[in-house]
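Use these hints to put chain F onto chain H, whose structure you have.
Going down the list, the sequences are from chains H and F.
Using the working numbering, the first residue of the first sequence is number 1, and each one after it goes up by one.
Using the working numbering, the first residue of the second sequence is number 1, and each one after it goes up by one.
Derived by calculation from the structure, the hints in this document are not laboratory data.
Mixed in with the good hints, there may be bad ones.
[Said to hold, decoys possible] Simulated pairs of lysine-lysine, BS3-like, Cα-Cα distance not exceeding 30 Å:
1) Lys83(H) to Lys228(F)
2) Lys117(H) to Lys228(F)
3) Lys440(H) to Lys394(H)
4) Lys117(H) to Lys83(H)
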Amino acid sequence: MGDGSVAEGGAPILLLEHATKSFGAVHAIEDGAIELYGGEVHGLVGENGAGKSTLVKILAGVHRPDSGTLLVDGEEAIFDNAKQSQAAGIAIIFQEPTLFPDLSVAENIFVGAQPLKRFRRIDGRRMRREAATVFDQLGVRIDPDRPARGLSIADQQLVEIVKALTTNARVIVMDEPTAALTGAEVERLFRIVETLRLRGNAILFVSHRLDEIFTLCQRVTVMRDGRHVLTQPIVELTIPSVIRAMVGRDMDALFPKVDAEAGRPMLRVERLTREGVFTDISFEVRAGEIVALAGLVGAGRTEVARAIFGIDRWDAGQVEVDGRRLTAGSPTAAMAAGVALVPEDRRQQGLVMDFSIERNIALASLDRVRRAGLIRRGAERNFARDWAIRLQLKYGRLTDQAWTLSGGNQQKAVLAKWLARRPQVLIVDEPTRGIDVGTKAEVHRLLSELAAQGVAVLMISSELPEVLGMADRIVVLFEGRVMREFARADATEDVIMHAATGVIEVAA
Amino acid sequence: MTTVAERRSVLPPRASSHVVAELLFRFRELGIVLALALVVVPATVDNHRFLSTTNVQQILSSTAIIALLAIGETVVVITRNVDLSVGSVLGISAYATGVLYVHHPHVSLLIVFLVAIAIGAACGVVNGLIVTVARVPSLVVTLGTLYVIRGIDGAWAGGNQVNASMLPNSFNKIGYGTLVGVPYLAIIAIVAVGIAGYAMRSFRTARDFYAIGSQPDAARLAGIPVGKRVFLAFVFSGAMAGFAGAAWLSLYGSVDAIAGVGYEFQVIAAVVVGGVAIFGGSGTVLGAALGALLLNTIYSALVVVNVSSFWSQAFSGGLLVGAIAFDRLISVRVAPALRSRRRVRV
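For reference, chain H alone in the conformation it holds in the complex (with noise of 0.2 Å):
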């Protein structure tokens, strides 16, 4: 079967249509489409958050479509749970799979379905026999006997794909298999798909690597936004305009960033590794700048931002904030020096959901409000009021819970929390996921407000639009190390696009 043509005039195995899911009042697909044909590599890619892994799910069976059809051979198939989808000769190899480390490769492989003897027994030397098979096949050495505790993930992949072969699946899908596998396990993986491909198997490989997925696809299809973007034989398609079309939305105006002076650096970032997560980083961002750490899910942004704040410990390089260098791994120091950081996670980790408002904002400040010892009801919360009005939170009583608040407000409070320490450094991790329009607007605001009143502020965002409205400087991590550094006039969504997915232009 040459490239590109791919069973034209053959029926699709899987066919899904104008799929929709909504998880509450967040859209995570709203028209999610994909054809598989048999004999075919097909690449699913699109930025962070434009509803992949969700309809990865729906196939799987973990999700149930709020609406859209799914058609396995021409008939009609909407899973309720994974049992389902893997009867229906689906398959899922998930980027750092689930096995049993307790049991044995094999026992992984036929787990639930082992080959019996007499009177039920499992028929153990059959059992091995037969994952020895398959392994022989693929041309990959395991022994089935060894516990799976120890795989390297690229192994536990394969286990994995031998488990989906012996349970006779025909669509495979992969979702960002590659993300952990160094490149000698990256060329075996791609081995192993091509024969799976020449079997006649239907295999759906989603990945941010775009270079992967020239190499290995013969049709892609794009999403954007919870939508089906195109479809299109990879012959007809180059990487700018797959990133084109990843990215393609307008720029809209809610990024009001003031050119602020930049002053003196705030915070030095010097080779800064953590063995295994990020390498040599390093960047400064000045009083009065916005510097963006941008990169793809996993790049190790949230990494090297808890590092810098304590949270996680250094291996080597050094973190100096306004010329005096930091302790590792310590919170206290970062927090005495000027440093504060707003998490990605405000539910978990940026409020206590059950503590009252005035509670949360004030207690990143507690000597403020503390005498002899004991926090004074009052000051807590005049303090708290006053943080409340400075930065517009919309609540009921300051009495209230934090949950009680709307994800927008929520944000505030965290930010308020911290602002009210009046931190030298600010670092804010996904500072509007989730939170709606008007209230992302006032964050921006309120960030570009600091950074003018002198502020060091990194900010980590997905969204480009985000990064290229109110960054001054953009710092671009692949992989735990930093791939390109922009400075404001010279970024677009192309170029940062480029350097996330580990993409370098040789000529501009």
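Structure of chain F alone, referenced to chain H:
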């Protein structure tokens, strides 16, 4: 044109420590046998009566009771649960057996043991239902039923006692009889360990227990009926404790409201020392039984060399903590080997 970002691996392989850890895991039974020798030899040198027929038979009989309980406990622990109620179940089953004989002196042995098993299984049903339906952690549930069942036992027995004289000789003989010098109870336990050990290796349901304890979420994804299996494990543990209750009565001859108090500790110590991972997923019935043998041998050795029984308690407590620490240490050594391969590419 485009170029692909370079990838390279940085961390050296850590195969050697991994292999050692795996050997220790696999040959846990061998380690227990070695430890047994380490206890037996010095104790015999100190007091040659330690290996006398009577003493060895006593060790084997009391081990048999713990081993029967340990078989059921092993299955529960493998599913990442725990059954603390086994001592109380043994107690109420032993008393019920005695009362049955008081009222029906001529009832057949088979009926007696079936009744004992049924009482135990009923207790297991209660534990299993609360754990799987109400989703209360088994530690809490069985700590509760440990006291509830003991309380019912106490209210029922009051100050009464059933003596050996009220029991038929055929029943008592199970406790004191021997076959070529091996106590009947030990033979029963060995057969039970053999059957349970084989079943745990050979049947899908049994392998499900391991899968559930090893990775509960994956078990659910693989379509294993987790609730049903955990329920079954508790019923089995209860049934074994019920059976052990009748065996206990035949060995000691008299029963009151405090039979089997504190046995849960001995049983769990035996299971853990025998290499069953306290967080589920691995371990064998044979290992647990050998663990019971080791602990009982140690108790006996400490008595023979005239160490106070308080010290033997402290000793078995230390051994329990030591065994769990040892398991943690191994998994902590295996985990980095796993993690270092996860993100080698930097």
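Evaluated hints:
1. Lys83(H) to Lys228(F): 17 Å, holds
2. Lys117(H) to Lys228(F): Answer holds: Lys117(H) to Lys228(F) is near 24 Å, not above 30 Å.
3. Lys440(H) to Lys394(H): 14 Å, holds
4. Lys117(H) to Lys83(H): 24 Å, holds
The structure shown violates none of the earlier numbered hints.
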